[in-house]
Amino acid sequence: MTLHMPPILSYALRRLVQAIPVVILIMIGTFLLLKLAPGDTVDALVGDMGGADAAFIARLRAEYGLDQPVWVQLWRYMVKLASFDFGWSFVYEQPVSTVLMERLGTTLMLMASSLSIAFVAGIVLGAIAARRAYSATDNLISVLGLVFYATPSFFLSLMLMLVFSVKLGWLPVGGIKTIAAFYTGWDHVWDVVRHLIMPTAALSLIYLAFYLRLMRASVMEVADLDYVRTARAKGAREGRLMTHHIMRNALLPVVTLLGLQFSTVLGGSIVVETIFTLPGLGQLAYQSVVQRDMNTLMGIIFLCAIIVVVVNFLTDLLYARLDSRIELA
Amino acid sequence: MNWKMKNMSLTLAVTGALSGALSTVGFAAAAEEEVQKGGTVVVHMISEQRILNPGLRASTGVYNITGKIMEPLIDKSYDGYEPVLATDWSGSEDGKTITLKLREEVNWHDGEPFTCDDVAFSAMELWKKLLNYSSALQANLESVDCPDPHTAVFNYSKPMPLELFVAAMPDLGHPVPKHLYEGTDILKNEYNTAPVGTGPFKFVEYQRGQYVLAEKNKDYWREGYPYLDRVVWRFIKDKSAAAAALEAGEVQESGFIGVSMADVERFSKDDSFSVGTMGYENNVAHSTVEFNHRNPILADLKVRQAMYHGLDIDYAINTIMHGFAKPGRGPVPSAGGINYTDDVPTYDYDPELAKQMLDEAGYPVKDDGYRFHLRHRPAPWGEYTQLWAEYYAQAMKEIGIDVEILTNDAPGFLNGVYRDHDFDTANGWHQFRSDPAVSTMVWLRSGQPEGTPWTNQFGWKSDEIDQMIDDAASELDVEKRAAMYHEIQAKAMAELPVIFAIEHPFISVTSKKLHNHHNTPRWNSSSWYDLWIEQ
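Chains as they are written, first to last, in full-length UniProt numbering: chain A, 1 to 329; chain B, 1 to 535.
Misleading hints may appear alongside valid ones.
The calculated lysine-lysine pairs, modelled on DSS-like cross-linking and capped at a C-alpha distance of 27 Å, are [unchecked claim]:
#1 A/Lys-177 <-> B/Lys-513
#2 B/Lys-158 <-> B/Lys-101
#3 A/Lys-177 <-> B/Lys-512
#4 B/Lys-128 <-> B/Lys-158
#5 A/Lys-177 <-> B/Lys-480
Note that these hints are calculated values from the structure, not bench results.
Assemble the whole structure, with the sequences as input and the hints as a guide.
Next up, the structure:
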């Protein structure tokens, strides 16, 4: 059957089959790791309540299935997961799938906007810096890149908040929308965009610095290669040289980094979402760890594992598109 | 003593006697200004609430939100106890019956009338069986009779002091609507996160991770109230972000020390905000040093007394709590009213005496420079507890005791201390809730089931104090009962099962646009029917 498939489908199928054991191992490893942490959901809930009597605690633990041995809990979880049942969040009193879906949109919006801004701006600024290497422009861009790279996102978030919300009053401090304003249509869209500007900036600047540094180095390296010199000798204009010869090859390591960094950005969103109170997966992950909400945390990790697998697959496809020497074998 | 300590002392002393003349202390008194109706107040909350049903969860975080939506039978004011859904209460001579007259012409937010059936159902099915703290309080409750729709008779198998019952009601006396709960799985009832009450505000929506929104109840039983159109509780975990939200005017109040102490200090100098400890007299907590008496060194009273002498309490109050606190005097704080006494043994800061006592106890300084080593677990309840732990470790080093701090999150702390007893000393806080019987006595009473947080899990046992606690809990004579608590307090200070080092109320930062705020001893948990905001 697969013999008649287009190469890309066959490749996708093979990658999918490879991904299954990876995801299963991630889930089992994470489950066991989380069980090693002291305390469980009931401890966290009782902590929030300010105390409870022993009978109450025992009843909650039995109700949540936490009185069972770890391997029983793991088996039950994996069986459910096989049918994409993520279980029940005892903290949010909702199915985990509902909790995740409510948060996924915000995180994807934040990640997509941050990564695309970082990627595009990083490439453009990196290319400019490389083409004007060691000039004042290059120095300025490089120093800015270093500053962004060295600034922790929590600090950057708070500084942005201080300047644009507290001092200037231009942007809202946090949240995803203005509460009780009941905006609709374009007003609602603009309201959400205003709430996303600072978190996106805080998250994208550090990654912008990554891409900028890598792109600068990559362009400088490619620009010195023989085929570029040959193209220039044959009379290719600088603009065409840049877009058709240098950029295309210089982008390869940057695209690799993009795929690798997707999971890192997901991690970075924990800090940014927590500071800006954005109701996304990052903030949810933090709360779930603190509250030992195992099912929700496992659901987030499953979702992240899937996202990373898919993004790496897409990166490979893009890689093959950029470099025809690479085959999807 | 700086100005804040003076304010605090005065506040606590006066509220201890439940005086009504207190509104001039701490926060500026509400001037005779014309009330402005309407507007939205946004309140900062550090942590999100899993359940919004005070009949099911006794938790200050739950009350902060639901106090505006669901009302208790009785609330606490600076003048004493205030009728809310119950208008009158009395106890029988044998203490086994308590009769409540219920307010008439009160409706739930869905239009159904509030009656004794709701109270009886809530008491028997929630307060007695499911509500933390209350299940112990109502253990002897046998039935609640409803001779008419607006009279509830609580029948107990053993005497229940009326004073204790009334003191517990503001926190542990929230009825739920029977017609929405009867016949359902109460723990999973949908109204646990979408509360239906009788309060001045109606629940609108709960956006997880973001906010809870409530709007004005136009049919509220107090005529002409509430003043506000809406209340919003915004969940902001990061304290710096919360401070920015206050400064940007997006949030009007942050309670329970919701911003860092450095920001508290800063806001106290800002003309746009009121900063104070008023409104928390019912939520006073102790910063403690808790001993694991299973460790033979700590089982020695002389060691514990020496350690107390090694702590400079005034220094800690001024540096860590920025003056918003006072030295502790045992398990009953000064806000405990008639049950409090300061006539107890105390331990002045005297490191030389501490060293001498440790030498006498048989723990001289060894070759490594220390007398002995301790593993200490601080509760992760915020800035106070962590800083207090660090100060404690430094102070102990001065008298030759090495303290290793083991940092953990909330579940780790609760397990380490209360279940596994894997600690030598620990520090946390425990809130006093109106009456010693329903709060701080659990620190001292032995026989608590293993693993139950905030109870005596320290391996300390005194048959005498156990008996005194039990007797006080069922003593009907108010004066005699108070005398019993004074004796318990003095014994606890003499025998030091726990060092109740510092008592501190919480602190609020409030926009000066708000009026009629912090005017009850449990203001953040109260209904805010009279709160208004300058437009």
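Hints, one by one, checked against the model:
no.: 1; hint: A/Lys-177 <-> B/Lys-513; in the structure: 23 Å, holds
no.: 2; hint: B/Lys-158 <-> B/Lys-101; in the structure: 22 Å, holds
no.: 3; hint: A/Lys-177 <-> B/Lys-512; in the structure: 25 Å, holds
no.: 4; hint: B/Lys-128 <-> B/Lys-158; in the structure: 15 Å, holds
no.: 5; hint: A/Lys-177 <-> B/Lys-480; in the structure: 57 Å, violated
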